[in-house]
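Work out the full structure: start from the sequences and follow the hints.
Protein chains in written order, with our numbering: chain B, 1 to 221; chain C, 1 to 71; chain G, 1 to 490.
Wrong hints could be hidden among the right ones.
Looking from chain C toward chain G, a few residues come up when the C-beta cut is under 8 Å (computed) [as the list claims (entries may be wrong)]:
1) Phe15
2) Leu19
3) Ser27
4) Glu40
5) Asp53
6) Pro59
7) Arg63
None of these hints come from the bench; they were simulated from the model.
Built from N, CA and C at the ideal position, the CB exists for glycine as well.
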Amino acid sequence: MFHWLEQKPFFFAVVLFLTVAFAGFVTIVPDFAKQSQPTVGTKPYTVLELAGRQVYIKDSCNACHSQLIRPFKSETDRYGMYSLSGEYAYDRPFLWGSKRAGPDLMRVGNYRTTDWHENHMMNPSDVVPGTVMPKYPHQFTNMADLATAYANANTQKELFGVPYDTDGMPKLGSWAEAEAQAKEDAKLIASDMKNQSVKDAVANGQVPEIVALIAYLNSLK
Amino acid sequence: MDQETLLTIQGYGKFFLILFVFIVFYSYAYSIYKRQKTGERDFEKYSNLVHDDFLDSCPLEKRDNSIEKND
Amino acid sequence: MQSNAQLEYDYSIVKAFTFATILFGIIGMLVGVILSFQLAFPELNNLAGEYGTFGRLRPLHTNGVAFGFTLSGIFATWYYVGQRTLKMSLNESKFLMTVAKLHFGLYFITILLAVVTFLMGFTTSKEYAELEWPLDLLVVVWWVLWGVAMFGMIGMRRERTIYVAIWYYMSSFLAIAMLYLFNNMEVPTFLWSGDAPSSLMHSVSMYAGSNDASVQWWYGHNAVAFVFTAPIIGMIYYFLPKESGQNIFSYKLSLLSFWGLMFVYLWAGGHHLLYSTVPDWMQTMGSTMSVVLILPSWGSAINMLLTMKGEWQQLQTSPLIKFMILASTFYMLSTIEGPIQAIKSVNAIAHFTDWIPGHVHDGVLGWVGFMTMASLFHMAPRMFKREIYSKSLMETQFWLQTVGIVFYFTSMWIAGITQGMMWRAYDEYGSLLYSFIDTVEVLHPYYTIRAVGGLFYLVGFFIFAYNIYKTATAGRVLDKEPANASPMAS
Ligand code: HEM
Chain B
1 MFHWLEQKPF
11 FFAVVLFLTV
21 AFAGFVTIVP
31 DFAKQSQPTV
41 GTKPYTVLEL
51 AGRQVYIKDS
61 CNACHSQLIR
71 PFKSETDRYG
81 MYSLSGEYAY
91 DRPFLWGSKR
101 AGPDLMRVGN
111 YRTTDWHENH
121 MMNPSDVVPG
131 TVMPKYPHQF
141 TNMADLATAY
151 ANANTQKELF
161 GVPYDTDGMP
171 KLGSWAEAEA
181 QAKEDAKLIA
191 SDMKNQSVKD
201 AVANGQVPEI
211 VALIAYLNSL
221 K
Chain C
1 MDQETLLTIQ
11 GYGKFFLILF
21 VFIVFYSYAY
31 SIYKRQKTGE
41 RDFEKYSNLV
51 HDDFLDSCPL
61 EKRDNSIEKN
71 D
Chain G
1 MQSNAQLEYD
11 YSIVKAFTFA
21 TILFGIIGML
31 VGVILSFQLA
41 FPELNNLAGE
51 YGTFGRLRPL
61 HTNGVAFGFT
71 LSGIFATWYY
81 VGQRTLKMSL
91 NESKFLMTVA
101 KLHFGLYFIT
111 ILLAVVTFLM
121 GFTTSKEYAE
131 LEWPLDLLVV
141 VWWVLWGVAM
151 FGMIGMRRER
161 TIYVAIWYYM
171 SSFLAIAMLY
181 LFNNMEVPTF
191 LWSGDAPSSL
201 MHSVSMYAGS
211 NDASVQWWYG
221 HNAVAFVFTA
231 PIIGMIYYFL
241 PKESGQNIFS
251 YKLSLLSFWG
261 LMFVYLWAGG
271 HHLLYSTVPD
281 WMQTMGSTMS
291 VVLILPSWGS
301 AINMLLTMKG
311 EWQQLQTSPL
321 IKFMILASTF
331 YMLSTIEGPI
341 QAIKSVNAIA
351 HFTDWIPGHV
361 HDGVLGWVGF
371 MTMASLFHMA
381 PRMFKREIYS
391 KSLMETQFWL
401 QTVGIVFYFT
411 SMWIAGITQG
421 MMWRAYDEYG
431 SLLYSFIDTV
441 EVLHPYYTIR
451 AVGGLFYLVG
461 FFIFAYNIYK
471 TATAGRVLDK
481 EPANASPMAS
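Below is the structure:
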């Protein structure tokens, strides 16, 4: 039988495929449903936060920052309560990262503020001398993409049943409503900031990337 | 059926699957060495597939149903 | 069909992919060197505005070397080893020739587009799957084309038995097809945009949170298996016996370790997720299976090394053999290091530190890089019908790159363990001893050493590129194809 298999490329390929595929189905499939249950209190991201999350992904902050606190005392002392599976239920994609050139950001919203981020993102070494984090001045001039963030949220709502617009959850509504809401949220953030061109842009109904990013960082708790 | 029983069944399922694969794997290993020993098939000669790989050299084992009639 | 005497193997596709290997190797490794200097000297992040920051460049590096450099090397050697061990020529089939050309063309365009889109910031953020959906679709198209070429060539073979190297290429094709499809399940947002003018490039992952992580590392770990391991083993099973004129130490062992590797590898992905929020049993499984993985890995590695049994003096006479033997040695090193890192208590310290890139690079620089370059060196005299331009350049390259690798992994071992220990150090009053920035500043010397090591490797790669270029254009013309040892001018 083995001999036969080695000379029949098609059946050989089938057996090979089954051997390889086997593990994936056995390891991943069983817990799929259980894993995706949100923990009580976890909410989907608002449109502004999602736009900020997109900035985080666009500049690959996850190349240097994790968002996963492991259950060790040294980590909970440094970053806060260890992570629970349900807290990630609305994270598409997950942003655990694989390397900490910088600290974990899973709960950075608990101990850093808007103005701190503003100074830090403009020039990290002003705030923390000796850091290796890049400067991000372009985030103060590039505008965030609210439309795509809304489309992202709407896809999650309609396709994956993420509970926007339900009791106690963030409101999404139509694109026009969501855009207006996001701009309101942006004003709140900008009022804590000092950079004049950012403040002007927000007053004019624009949302610079930095505002969205800070909204996202503040939501990490 | 509750979660508990489901997990138990899964556990047994996995155990027997792995057992099955192990048996297949070891019988494969055994069959290779046995065939070599009884002379039914010489595996080591396949290294020649590398040494003698010119297009015009004679194949080590011809395909009987080969599409081209090269004789 | 005409008689075989007039037929020849067709190397045009091999040459095209060889060119791509060198081009993308230069791009990918250059970016790697820039990244490593940025970690040592962060001002370098701002040389090109937003496009030159560490975050933008890192996916460009990883994808550039994995899917640019390594994959081109795999494709180049596939079209070479495939034709030769199956004893068929692409010239015999117009159809397969066209498929192979399309395969190259689309592949090349995809990688160029990848460079542009990564710089612009289009990324899904999932490691080694960062390409956005339109490019993912392109990848699927040329991957299928590769499959058509592969099975087409196998279907036309004259040799009845399929040589073990080909098995590895087949496994790479099948496994990546499956992994890539499942991990890149994503929905373009413009389809459900609810009237918002969404970007056309953007997509949402079909999986969320811990599930996304499980699927991602099932993919991520096995992308390593089927891009950086299996096809490279395929290469060495052809090129080492061929170059040295030796038989494989044990052909039977090569078959057994093949099936062992195929079965065990896929279970080990969980070791990327230890102490995370994926289920415990998945973590334990990942950890255990990683240790089991030593067996088939060392099975192959020992088989390669013992192939040189009785012929060790070739190590002194041929730089090509040196490259391949060092490659197998590094393969052994990284396949023992990986399982060590997968032990839960070790992983608690090693995870998230620089030890991980250290581990990655003794594999990719020592094993993948050396084996790919050695294969191209072996193929060059056959496809250009010329002698290798310079043996002494090969020697220089070998030593320069070896020193580079040693700098790289030793500095990252120290850096990683230092960092891991400092993160968890407490003082006598029970508070954390170091603030995070302390653990960053202490790494500066190691980052500098790593960057210098990387630079050595890159310079070695330029020497390699020059040597191949000179071989193709100025090497002494050969009248007959060499049987084993590749001829080289001193
Ligand atoms: C020229 C020499 C090279 C240098 C200087 C270099 C440098 C780097 C640097 C600085 C990183 C980022 C590590 C971090 O995040 O801290 C990295 C990541 C990576 N490189 Fe390279 N690289 C080189 C060649 C290669 C080659 C040839 C390959 C593959 C064939 C490769 C594969 C990777 C992979 C897979 C990662 C991701 C590792 C992880 O996620 O931990 N590199 N490299």
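Worksheet item: Any of the earlier hints contradicted here, and which numbers?
Response: Result: hints 1, 2, 3 and 4 break, sorted rising.
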